[in-house]
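Participant: Listed here are the chains, written in short residue letters.
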Amino acid sequence: KQEVTQIPAALSVPEGENLVLNCSFTDSAIYNLQWFRQDPGKGLTSLLLIQSSQREQTSGRLNASLDKSSGRSTLYIAASQPGDSATYLCAVARSNDYKLSFGAGTTVTVRA
Amino acid sequence: NAGVMQNPRHLVRRRGQEARLRCSPMKGHSHVYWYRQLPEEGLKFMVYLQKENIIDESGMPKERFSAEFPKEGPSILRIQQVVRGDSAAYFCASSPGAPGEAFFGQGTRLTVV
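Protein chains in written order, with this note's numbering: chain A, 1 to 112; chain B, 1001 to 1113.
Think of the hints as simulated: they come from the structure by calculation, not from any bench.
Don't take every hint at face value.
Said to hold, decoys possible - Below, a sample of chain B positions facing chain A; criterion: calculated Cβ distance under 8 Å: (1) 1039; (2) 1042; (3) 1048; (4) 1065; (5) 1101; (6) 1102; (7) 1105.
Cβ atoms here follow ideal geometry from the backbone N, Cα and C, with glycine treated the same way.
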């Protein structure tokens, strides 16, 4: 059974600081890994998708890395802004099925 | 291209009533997934459907819960005789293939009173 862990559970930083969010998974036989953003009471917005053959993906200020062999992914958010305040979820799709296994999330607060 | 549409966004039901949650996938997507997010918990897989077929319902509670994705119309998650423990956010996701990039709807927040 795939277990996904996100550390830290919560993070508070001043505006302008870089954010580093960690995700680890127990079964390295993954098909892809997605990072999502969830605002309070809202749905999930897909931020980045990394296929198992890729090492990283970038979109604007966001960069996600994937190390399948060690079961880790890191989401970097450069020059954080108050608008980045949200919960960030990591989800893994296994190679032999289509279900996403989610971490519990990291709740980020960026202070102005 | 409209995103995944879920309705209603909020639903209040009394104990014992039925709840019907609807999900229209993105255009061109034939794979639909339902997830449940209980308060203070992560999202958990419930069921995976393709048109007219349930592919995997291993995450569905054994009783009172059912799902369908008919040839025409939205996918429906049906909860019969709701109890307080069913109060949660129910999210639908769609993808063009499985496994693929999943796009999520805004969710339906069910409150059982």
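Participant: Confirm or reject each hint.
Facilitator: Taking the hints in turn, this is what the structure says about them:
| no. | hint | in the structure |
| --- | --- | --- |
| 1 | 1039 | violated, 12 Å |
| 2 | 1042 | holds, 5 Å |
| 3 | 1048 | holds, 6 Å |
| 4 | 1065 | violated, 16 Å |
| 5 | 1101 | holds, 5 Å |
| 6 | 1102 | holds, 6 Å |
| 7 | 1105 | holds, 6 Å |
The structure is inconsistent with the numbered hints 1, 4, although it conforms to all the rest.
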